[in-house]
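These two chains come separately, so use the hints to put the complex back together.
One line per chain: the protein sequences are V and U, in this order. With the working numbering applied, the first sequence corresponds to residues 1 to 541, in that order. With the working numbering applied, the second sequence corresponds to residues 1 to 309, in that order.
A portion of the hints provided could be inaccurate.
Okay, derived cross-link-like pairs now, DMTMM-like style, lysine to aspartate or glutamate, Cα gap no bigger than 25 Å in a straight line [as the list claims (entries may be wrong)]:
#1 V:K528 with V:D443
#2 V:K528 with U:D36
#3 V:K528 with U:E38
#4 V:K143 with U:E44
#5 V:K237 with V:E214
#6 V:K237 with V:E105
#7 V:K225 with U:E88
#8 V:K287 with V:E538
#9 V:K237 with V:D112
Hint data in this document are derived by calculation from the structure and do not stem from the laboratory.
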Amino acid sequence: MTLQRYSRFILALAGALLLSACSDGQRTAVEIGNEQQILHMGNGDEPSDVDPHTTVGIPERQIQLALFEGLVSKSSETLEIEPGVAHSWDISEDGLVYTFYLNEEARWSNGDPITAEHFVWSWRRALLPGLGNQYAYSLYSIKNAEDFHRERISDFDEVGVTAVDERTLRIELESPVPYFLELLEHHSFYPVHPPTIEQFGRPDQRGTRWTRPENFVGNGAFTLKSWEPNRVLVVEKNPHYWDADRVLLNEIHFYPVQQPATEERMFRAGQLHIINLLAEERVPRYKSEEHPALRSFANYATYYYEFNTRVEPLGDPRVRRALSLSINREQITDQMLRGGQRPAEHFTPPGAGYEARARVPYNPEKARELLAEAGYPNGQGFPTLTILYNTLDVHERIAVVIQQMWRQELNVNVTLRNQDWRVYLASKRGGDYHIARSGWVADYYDPNTFLDMFLSDGGNNDTGWSNERYDELIGRAARAEDTEQRMEYFQQAEAILLEEAPIAPIYFYQYNHLVSPSVRGWHSNVMKHVNYKGVYLESQP
Amino acid sequence: MLRFLCKRLALAIPVMLVVITITFFLIRLAPGGPFDQERNVPPEVMANLHAQYNLDAPVVRQYFDYLGDLLRGDLGPSFRYTTRSVNEMIARGFPVTMELGLYAILFALLVGMPAGIIAAMRPNSLQDYVPMSAAMVGICLPSFVLGPILMLIFGIWLGWLPVSGWGSTPGDKILPAITLGSTYAAYIARITRGGMLEVLSQDYIRTARAKGLSTWRVVMVHALRGGVTPVVSYLGPALAGLLAGSFVVETIFQIPGLGRFYIQAAFNRDYTMIMGTTVFLAGLIILFNLIADVILVWLNPRLRQEAGH
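So here's chain U without its partners, still in its complex pose (with noise of 0.2 Å):
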């Protein structure tokens, strides 16, 4: 197992120099710079302004004189929020996008996972293609409709829920929450339904069954584990998607999360900031799939004995 870690974590280290390299050197060719604005200044102020942020120096020693701040785990001072550094955007933005993920993915889980199961337990009937049904339009709206018409009911008509914000008032986290999240349900329920169908028809359910198990305890106890494999190994990239994919719902719900400095950050020209989010992300999606791959190690006996050796 430390092996297969350690072989895993030198792997990593290439993958991020090279999102590192071509970050640094994509958004230096992307026209436009970090301080253009409407109004024109003069040639001097902008001279000054790219000396202030090192941007006077040949591209090449900006990179290693990145690379050395990095290593330092000095991400620099954002261009645009001239008063921050791009560690502490990460650091406010971060938590508040992670809590919102594991949120969402705790909704996916909890409305995905069952409604997986009942759908594989009567295939074909109703009692799978009512759900299913759900997951399909739960697949097909995005969140930047969904959100709006979960505001709009809860929020305006009802006025139970706030529309926007984070924190601030209680309740503030639930619709953010499903509308991130549901995307994710639909999916985790059609691969429970998928993966569970598959274990279903197995010798040991059958065996289990003949025992004369109830259904529950047959699939509760000895088809679930088995079942919701796939749903493990698809949680690391969607925990790691939801993460730089939540700034749709970070905007329309006013959430101060990574996601939205994130993009913002491209549009502004911010390189500071596009290089500390995208070395962060990717560090962390890869960091993902680590541990995905781990709990898949240690749910099937297989891959355990493969990773020994």
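Chain V with its partners taken away, still in its complex shape (with noise of 0.2 Å):
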């Protein structure tokens, strides 16, 4: 075969390949899907499971808000409560007692109706200790709960979840929890089949076959159609849900897709409806060009750094503010990331009724008064320090950056030292590190998901740092009847962690991600709550 001929046989392959795969008429996934009311998301990572009570993820938490309803829900847009399975709710005076009225209507999706005592079922098993449930502790606030998954307790007739008859569910919590509707919202405290579970194993065992499409019964207004692992899960419309009316899509498609890159490049080729992150570098193009699929908004969380209150001199809260008064964050924040993020002066972002007066602004003279009365005049003396970070490109950027603010404004060295993310996590919970990068992201909407991180014994406290004030305040906080008298509390102790500095809030986190035109009814709301309630496509004009 001579160059020319095997060149032209190569051709002819390709072009032939091509022609094979063109043939569909060029419709795009997402055309498609706009006709037949189909949405396309990408969802990060593969679900590890749909079990509401067995998984953490976010990924998984996107697909239960499909699959499964709590006593009551949550609107996208503004954020309130709903009713769910309750219609309605009493609350006692002293707001130790809440009382759910199930709807009627409310049915799984196997056609059978919804008790009272499935609920109370659900919770006990949620609790189980043998279940392993990671996500147990949400539910302490009920009484006893604690006691019963810690096994300081067997019987869970004393836990304060009863079922007063067939639709009447009434609730005893331990202590005043004003979130608490917030909590209910929660996957945690989604009901589950009895039935079915038991069909497939035992209430504490993880991992049986109840989730398999063939056998999954749930409540929510979609049911499991579907599930190719590390290729896409499907839900398709529940006949059987209360407010089956409103439901408008037929079927959503979730697909694990781990590179914002390959999610971005898949949507431009009309394979998503809905990307779930904008890789961080390519928002400001899309704001320049104010691409109308953009959605950039604030999301309730927090990136900040941690002191390891144990080591020398991080032990002195003088050396700790220092640090943090002279981080630049605006230069962070507006030059290098450029994604929208708001520089954090404070802890608890902005958002639910409350935003903190105390600060710790950029202030590069206070932070040199602060280290030399500590005994470190112009760093002389300082021991070297390090950064500890879990290994991505954006974390690293930052940190080189705080590692030139700290040595230009303090003359302070430190070195950088990236894991991988369990190595991190393991270095973090046993103390072996000095300052680690570190975000936390809302649980529900309230300060006190932050706040309530760093009590004494607070289980995700990894900074070593008490301070008895602090803990009491918090803990007013939570008995507290009236919410102005709260919210001060809040103030106070926000004041203290500022002022102590076992942490440097670094930034408030945007969340940038693409939604088609298309879709409508899609609200992006500061919790990255979602209600598929509501939300249909429209083919574009």
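As structure tokens, then:
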């Protein structure tokens, strides 16, 4: 074969392949989806399971929001609590007893009615020690729930959940929880169908086959249609759902796409309506183009540095505060990240009726003064500390910038250390770090989700910092009946947190993603909360 | 031949055992456990989780339990994908990766071998330089660069081919196969050229030419069989490499293959999944090398005699 003949052969082959590929008339998945009300969504990681009592991740949560419904649900437009399985509820005056009245129309996806007893059974399951539910602590506000979960009592009758009758559920709390309705919307409070779970194993058995599409029974607006790991998970409209008239989509396809770049290409090629996350570096470009698909909104989440107060000289609050004061946050958000993030001069993001008064501004003079007071004038004698972060480009860039800021402003040298996610978690847990990058995303829409983290016995307080006054204020806030008073306690607590500085807040997250203009009724909000009810697709004009 | 096969298979057993043992203990030495996550959980919960997966037993005991299960063909449940067993994940992922690998190898052979032959026919001429330079570029261009470039051109600008998926739309297998295959095509081109050059300089080729046979006949009938021997011995490891190394292509093209499970398992500390995929791939690599050796023996009469003894 001569070169010419050979190249002709290759060209012909390539042409044939391409022609065969384009024979489906060039219609994209999005175009077809618009007509058939099928939403295609990028969903980050492959879900580990869809069982609401054994999963912890956001990809799982996004799917569970379609497959299950709690006693209450939440509007994605206003973030207000709306009726879910319960059509109404009473709260006792002391805030300790909640009585829920279940909707008679509420049914499981197999047509069975949902009863109050199902909730009691489900929450007992969520708390069974053997199940290893990593989110069981969200039920701890219920009376004796923690004791049952930690095997201090074994009789579930002592736990404050009672089915008064078929459609009435009574919940008793340990102490008043002003955001209890918010909590009820969390997936750990979702009901599961007892007969289905029992059919495939013990209630406290993880990973049984009950969540396979052929076995699955749920109570959400959608039900599980198919699930091919690492390819796609499909949910379809649940005809037995009590509010089915308001469910406008026929199907939602969740794609486990880990790489934001892949997701974006899929979006541009018309394979996705919604992408989970737009890569940081792509945001400025979409912004300058005023791209109609770009959704950029504040997230109820904070990026911050933790100081290990057990390590000298970080045990000295003056040193910690000096380090925090010499971070130029605006430079990080406006010149480096440029994705709409806001500089964080306090820890709790503004929202839920609260904005902290206390601040850690950028003030290098004050920082130098504090450092000198602590015995390190002009950084002399200051040991070399290390910033720990999990391996990711953005964390590295921020660490480099902060390293420079500290060197420049305080003459303090730090080294950088990156670790794979699990190793980083283990180092942080074990206190094997000096300064560590961290992020906190709210579990519920209330300042408490940020501030109770730094209680002396807080399970997520890896800093070793503890302060009696702080603990007392957070405790008082939990018991306060008056909202204004409660917020005041939070204000005082946050002032202590910033003054003592076991952490240095850096920025408040901004969530950027792409939503095709053909998607209607999709409300992006600070909690990244999704309510698929009311979402529909319209062919673009 | 049978003795040769038996000997090779007997050698495979200690190799597998070493692979299993090293992997088993190494993953347990890595910091961070399979159930660590951002939110701390009470120690009681962690203990219960460990109990569910036999992680509370002494490590040596876990090791022998694992070996026992392995002999029964049970690779255990995945820690991360809780509803699935490792057997199921491999059964789902492997055919996809295998199919992708086969297309890639097919593409690599279809492009690489002719390019190498053409280059060898007139060494140090334009006919040699053009395909060999292209091969050099192919070797240097990693799949995470080539993939997105192909996607951009054929998926987004021209809109001819889908940029992701596997078997859901026609044509979605083309770009991944080309991306994965191109590096191998380049290697095969170079190996073919080398093999052919050596053979073409041998006496029997000169004899064939002297008999007045056409260049075409000399190359295709007489030289090719000897010339492609290095390619065949390269194919075994290449196919194994394709299977284990398809991770990048599977990730950028959203392909539900084994490569993606494998790499994610390591990040997730999904012990059973890491073990299962490692054992499976190790077995496969041994098998492919064996097949390549058998073909070599069959192609080369001298080796055939040695194997017989």
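List in ascending order the numbers of the hints, as given earlier, that are violated by the structure.
Nothing - there is no hint that the structure violates, so all of them hold.
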